[in-house]
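Since the structure of chain C is already known, use the hints to place chain L on it.
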Amino acid sequence: MSIIEIKNLEAVIDTEESNTQILKGLNLTINAGEVHAIMGPNGSGKSTLSKVLAGHPDYRITKGEVIFQGKNLLDLDPDERANSGLFLAFQYPVEIPGVNNLNFLRMAYNSKMKFNNQEEMDPLDFDDFIEEKLNILKMKPEFLERNLNEGFSGGEKKKNEILQLLTLNPSLAILDETDSGLDIDALRVVSEGINAYRNKNNAVLLITHYQRLLDYVEPDYVHVLSGGKIIKTGDKTLALELEKEGYAIV
Amino acid sequence: MKSNQDSIKFEESIIRTASKQDIENSSIKDLKKKALEFISSNSFPNKKNEEWKYYDFKDLFSNSSNIFSDTETFRQEALDKKELVMLVDKYVFRESSENLIVTVNGVYREDLSNFNNNDIEISNLSNCKSDQLIDTDSSSKDQYLRSLNTLFIENAFFIKVAKNKKIDKTLQVLHISNQNSFNQIRSAIEIAEGSSLDMVISYVGLEDSSYISNAVIDCHLAKNSNLNFTKIQNDSSNSVTLYSLDVKQDKDSNFDFNSFHFGAKSSRDQITVDLNGTNSNANLNGLYVVNQSRKTHQIITVNHNVERCTSKQLFKGIISDEARAEFNGMIEVKKNAKLTDAKQLNNNLLLSPKAHIDSRPQLNILTDDVKCAHGSTIGQLNEEELFYLQSRGFNKSDAFVTLTYSFCQEILNKIKLDSVKNYATNLAFNNISTDSNGALAKLANNDKFKKSRYAKNLK
Chain C
0 MSIIEIKNLE
10 AVIDTEESNT
20 QILKGLNLTI
30 NAGEVHAIMG
40 PNGSGKSTLS
50 KVLAGHPDYR
60 ITKGEVIFQG
70 KNLLDLDPDE
80 RANSGLFLAF
90 QYPVEIPGVN
100 NLNFLRMAYN
110 SKMKFNNQEE
120 MDPLDFDDFI
130 EEKLNILKMK
140 PEFLERNLNE
150 GFSGGEKKKN
160 EILQLLTLNP
170 SLAILDETDS
180 GLDIDALRVV
190 SEGINAYRNK
200 NNAVLLITHY
210 QRLLDYVEPD
220 YVHVLSGGKI
230 IKTGDKTLAL
240 ELEKEGYAIV
Chain L
0 MKSNQDSIKF
10 EESIIRTASK
20 QDIENSSIKD
30 LKKKALEFIS
40 SNSFPNKKNE
50 EWKYYDFKDL
60 FSNSSNIFSD
70 TETFRQEALD
80 KKELVMLVDK
90 YVFRESSENL
100 IVTVNGVYRE
110 DLSNFNNNDI
120 EISNLSNCKS
130 DQLIDTDSSS
140 KDQYLRSLNT
150 LFIENAFFIK
160 VAKNKKIDKT
170 LQVLHISNQN
180 SFNQIRSAIE
190 IAEGSSLDMV
200 ISYVGLEDSS
210 YISNAVIDCH
220 LAKNSNLNFT
230 KIQNDSSNSV
240 TLYSLDVKQD
250 KDSNFDFNSF
260 HFGAKSSRDQ
270 ITVDLNGTNS
280 NANLNGLYVV
290 NQSRKTHQII
300 TVNHNVERCT
310 SKQLFKGIIS
320 DEARAEFNGM
330 IEVKKNAKLT
340 DAKQLNNNLL
350 LSPKAHIDSR
360 PQLNILTDDV
370 KCAHGSTIGQ
380 LNEEELFYLQ
390 SRGFNKSDAF
400 VTLTYSFCQE
410 ILNKIKLDSV
420 KNYATNLAFN
430 NISTDSNGAL
440 AKLANNDKFK
450 KSRYAKNLK
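Taken in order, these protein sequences are the chains called C and L. With numbering that gives the first Met the number 0 applied, the first sequence corresponds to residues 0 to 249, in that order. With numbering that gives the first Met the number 0 applied, the second sequence corresponds to residues 0 to 458, in that order.
For reference, chain C alone in the conformation it holds in the complex:
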């Protein structure tokens, strides 16, 4: 069963400063239970793809369609996409001072519950629920008492993204360079978090520059994105080749 089908997608960045086509006919289908990795040179459109899927207002779709679990994704607002089960782990998570991390997580979780006509979780039950997720990521409870990403180190911010992933339990997790800036231990913990999330009903799209993440989270497919479209698809050995030879081989 497919989770997401991206068909011939074209998108431009549409801001005051820039109006450039970035995605130029991208096709990708991800089925339940699969892990896909997208690699590619800088500026090839990897981050754009993730933002377009999440609904960032700076991008305009000029062609193509995206079917997400039977829904036309491009018709939905960013919050509706999230509540329908699409999650983007940000390359650069933003800091929001004064908003407590625990309250934020519970609000995000309950937004999804409410959207799907399910009962919202009360604060006490949420404590137990979140504690289990914290343990997976070996995060201390103090983490919850801090303000959202405020003063977090690079690694802490990325762990907090994975904590959100585990909390929201989406159908599709798009991880935009979640491995960048992590030390070896943090990379292992984050990978364990991603693996704890995985099951046969959901899927992962990893955007990365480095093969090392793929040692921990093994992909079923590796795609090379270049010039706004996928130009090559292979299995995990493709990532090893790219690591050795560079993008010259494709």
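List time: in silico DSBU-like cross-link candidates among lysine-lysine, alpha-carbon distance up to 35 Å:
1. K165(L) <-> K222(L)
2. K342(L) <-> K156(C)
3. K228(C) <-> K395(L)
4. K156(C) <-> K420(L)
5. K156(C) <-> K413(L)
6. K132(C) <-> K415(L)
7. K228(C) <-> K243(C)
8. K132(C) <-> K413(L)
9. K413(L) <-> K113(C)
10. K415(L) <-> K139(C)
11. K311(L) <-> K156(C)
12. K395(L) <-> K137(C)
13. K420(L) <-> K132(C)
14. K395(L) <-> K132(C)
15. K89(L) <-> K113(C)
16. K395(L) <-> K139(C)
17. K413(L) <-> K137(C)
18. K139(C) <-> K420(L)
19. K395(L) <-> K6(C)
20. K395(L) <-> K156(C)
21. K113(C) <-> K420(L)
22. K156(C) <-> K415(L)
23. K32(L) <-> K222(L)
24. K413(L) <-> K139(C)
Selected chain L positions facing chain C (in silico; Cβ < 10 Å):
25. S390
26. N394
27. T401
28. Y404
29. F406
30. C407
31. L411
Note that these hints are calculated values from the structure, not bench results. Where a beta carbon is used, it is the ideal one built from N, C-alpha and C, also for glycine.
Same frame as chain C, but now just chain L:
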């Protein structure tokens, strides 16, 4: 020249009202005479005065023409006691129910107050023991407003904390105003050596009533004393309020001031702090949240008169619709004030294209060897932050509330009492968006959300 005529008419009304005061029989005849002389020979501040440059006098004059009728008397409406008792009940903070002072239209009301603390002396002009509480300081910046207020000084009340007393219960002063009142609120606060007091002063008006308030407050902080002063201005949306606060600090004293502006059609605060003793410290914080066509003016001066004092100003504003705000902050470091450490910051969030802010952070340094910083920012909500929250399932309105909460919580968190903090938080968000309550309750850690075991350290 219409505004000039309005101004003359306003001044005439004031002088007429003032002249009716029975000065001859007053215990402070000289003081009142002087005040009347000042008013008669000077004119009401106008736009030529730098600190009134951005003030829109229209609102003041229109309210005054309602108040002063053709028959040359106040048209102030009577208030019935039952109604007042209900208002007091509504606005008293539960922690202060036994430390409450109430004034109605500027007049101290013993019958509505509930106060029983031997360490604090509350008095009025007739039984006031300390002359120094009646400040006749002519160096004050708003001499006209002060003189006007002095003509009604019978209304004044004085708060004095005895020596070396730490008052643990927060004192609340509640000022209620009603339709067509011309309120001359006057008080003086003396914190004696080694003492400390927490105080919340709240201003409320009867719904939609039109009035003018002119409040004058003098504070003296003696050696090694401490005053935590929270002001919450929630006046009627048709009122015009003028406010002068003068604070004088002696050696080793500490003044924390948190000022909140949510109501009034037009509000103007002139706050002057004089650091007169070494090692004294003043923290001035403010939050103004104005919408519709409201105006607010914050004119703040901190005078570093002696060496080794510290001061910090942090004022934040959220301005929406066609509202206008002014922040005019000044740090004056005088010749003798070596080793001063003074900071000043004003941050503004403009939520609509017609919202307007005049922000003027200013420094005037007349000596060397000081540490001073000032700055101001004006901006909109950050698009990336909005998108981040939306990508976590927050709808647009919740994301908006969350980010505005994030912006103002730094000031709201300065409030010590939860009930006061909740009151201020709700007022702030009523002026931003009406459908904010759901998200706000979760963000603000209201009672229900305090039960979380992780919430123990939330502030």
